[in-house]
Structure formats: structure tokens, C-alpha cells
Amino acid sequence: MIAWLTPAVALLAAAVVGFVLLFSPNARTPARYMAIVWLTLEGVAQAAVTPSGYHAINQALGYNNIAIVICHSLGLAALFFLLMMYMFWRLEGGYRAALRKRAPVMAAAIIALNVLFFATPEVPEILDSWRLANAGRPTVAWYSIVLGAAIAWTMFEAGRLSLVYLRRVPSWYHRVGLSMVAFGGCLGSALFALLGIVDGLAGLAGATLPPHTGLNRLLVLLAVAGFSLGLLVPGTIGGTVEVIRRSRQAELCRRMEPLYRALTQQYPEVLKRRPRYGGIGWIVNWWGNGRRLNERTIEVLDALVALRPRMDRLAADTAAALAERHGLPDDQIRVIAQATQIADALRATETERRTGDSTVPMTQQGEAPWLVRVSRAFAGSPLVAQALAEVAQRRAEDPAHA
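Residue numbers (the numbering used here): 2 to 403.
Since the hints were derived computationally from the structure, they do not count as laboratory data. Even for Gly, the Cβ is constructed at its ideal location relative to N, Cα and C. Among the hints, a few may not be true.
Stated by the list, open to error - What follows is a set of in silico ranges between Cβ atoms, one per label pair, in the way DEER data are often shown:
1) Leu205 to Thr30: 39 to 47 Å
2) Thr140 to Arg29: 42 to 50 Å
3) Leu23 to Arg169: 21 to 29 Å
4) Glu270 to Ala380: 17 to 25 Å
Work out the full structure, taking the sequences as your base and the hints as a guide.
See the structure below:
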């Protein structure tokens, strides 16, 4: 079970980054796609050297220990995509030219590993460490040196760039992520690479180092955990922030529904698309990533413009005076006045009464949170109902207000 911890962390981080990209179009940059490829390749590479994965691959391909060179080849390819991500952050439009210079180096390293592996006589399956068990063979010693040098070269650039970006990013959770990459991922990989070079040099010199397979695994786990958590932490926090933001927007849409329904039923020509209400509407609005909230706000304001000729100053003044007598603050007085004036104007559409003397500017605070407050008052405030009753009574008593 512990053996699957390393690939599981990498694949989980890839899934989180993919989730963020799925629900956040603004995050869809080449760097994020490179991160998914990097983490996926790394997860598959580490899965290849779990006990079950190692044996299954060797059996399937009919060659003992071939899983080790597959793991290392995929691991180097993964690190190259990590470097691609950093190069994009650094150079953006010019990153392709920088990578074209580095791609042949990494490709040569991967080819060299495979040539050295197959140049080594086949030995029985060794799960613990094929490299350490055969360190005295020149081909295996050079294999360790090439592997360590390729990893060290990549980690030098990645670590340097991590520290550079650490001083630039504004959000604390991205700084935490970059710190994990620099001091966990890059440091763990660099130490693993250094051990690999030492193993190779010792093998060429005919020396035998004490067994340190456990240390190698620990360093690999530290590296993968550092890299993966470096993306997992900011990705998770960023994704949570995104979910909360979308949920708030969808909730604003839902709370605006009473006012929205009443206005769009009277003026359906303002609708930009078929409205959705209730639970389905909440989901549609959430998925719309704020676009539906903006559209709904515009539709409400367009309907209010169409309704303006039927708005009566009497309704606004009566509601404001009533709210003031109840000791409400100024902003709530404006909410009650506007909600009452809208409700009164909608009733006026049935009698064709036209006044056009609104005193509550409809665009003064025409953003969604303000319209939500007006909608709540419009739908259920007892002060609005009381103000409407007073307005109706005054009109009945004084024909000049009718």
C-alpha cells in the first residue's frame, strides 16, 4: 500500500489541476496543461516501480527489469514538461525557442538510458534496485551517471526559477506551493540525482557502496510529494475559491428571481436566453461562471428602463417616509423606496397609468448585490406592502394622484 503513495500523490495533483482547468477558463494556459502532462507521466512512472506494476510490466514485455528503464524514461520526460512549464512562465511567447535547445539534451539522455539498459546482460528480476545490484557493470554505472546528470540539470533550472518566482507571486498560497516545489521537489530530486552520480562513479572505480535503496525511495517520495503538493495546495485553494465565487454568483441569481420574474414577464423582449429557475437554474448559473449573473443584471436593468414611464414619485416618497419612521438606515430606505416604486409601476401597467417622474435612479446601484436586496424587499417586505396600501389610499382620496 505504501508503494502506491508516490504515484497516487502525483496523479491526485494532476486530477486537481485538471479540475481547476475544467471549471476555470481563465486558468487554461499552456503552463497548466504542461503541469497535467508532467504529473501524469510522473505518476505512471512511479506506478511502474511498485511491486505489482514492476512485475506486471516485466511479464507483459517479456524482459526482466524493463520496468526500471520505462520508469526512468517517463520520469525524465515528466521533468522535461516541468521545465516547459517554468519556461512558459518565464518567457511566454519565446518559450518554444528555449525548449527547442533543451529538448535534444533530454531526448539524448532518454535514448542513452535505453541503450545502456539493453547493452547490459539480462539478469533475474530485481525489484529493490536494478542499478545498485549491478553497479559494478560499466553500462549500469554509466546508466546511473546519465540519469543523475539529466535530473540534476533539470532540477538546477527548475529550482532556480522557483526561487525567482517565489519573490514575485502575490498570493500566499502560490508562494507556499512554489516553496514546496523548490525545497521539496527540487531538493529531493537533486539529492537523488547526486546519489545516482556517486553510485555510477563508484561503480566505475570498482567500489561497492553500502545499500541505500530505502534512501533512494525516500528521496523520490520527497521529490514527488514536493512537486505534487506544490501544485496541489495552490490548486486546491484556488479551486475552492473558484467554487465559492461561482456559488455566490449562482446564489445572487437565485435571490434576484422574484424581481427578475416579475419584470421579465412584463417585458419578455429583454430576455437574452431562456431563463432557468430553482435548482436547475442554480446549476446553470453556477456553470456559467458569472456570465449568467451579468446577463440577468442587464436584463433587470433593461426592464426597469422600459418600466420607468410608469413609475410614480408618490410611491417612492411614501415608502421612504415609512421606512424612515421605522428607523431604517439610509441604504435600506433606498431599497424599500425602489422596491415599492417598482411594485407600484408594475401594477400601473394594468391600468395604463403613466407618470414618468421616478426619483430613485435605477442605475445608481445597479449591481447584482443591490438588485438582490431590492428583490428581497419587493418579494416579502411588510413595509413595501404597507407603503403600497398607503399609496392606494392616497390615490383614492385625492384624484390628482390617480
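Hints, one by one, checked against the model:
no. : hint                         : verdict
1   : Leu205 to Thr30: 39 to 47 Å  : holds, 44 Å
2   : Thr140 to Arg29: 42 to 50 Å  : holds, 44 Å
3   : Leu23 to Arg169: 21 to 29 Å  : holds, 27 Å
4   : Glu270 to Ala380: 17 to 25 Å : holds, 23 Å
Comparing the model with each earlier hint shows no violations; every hint is respected.
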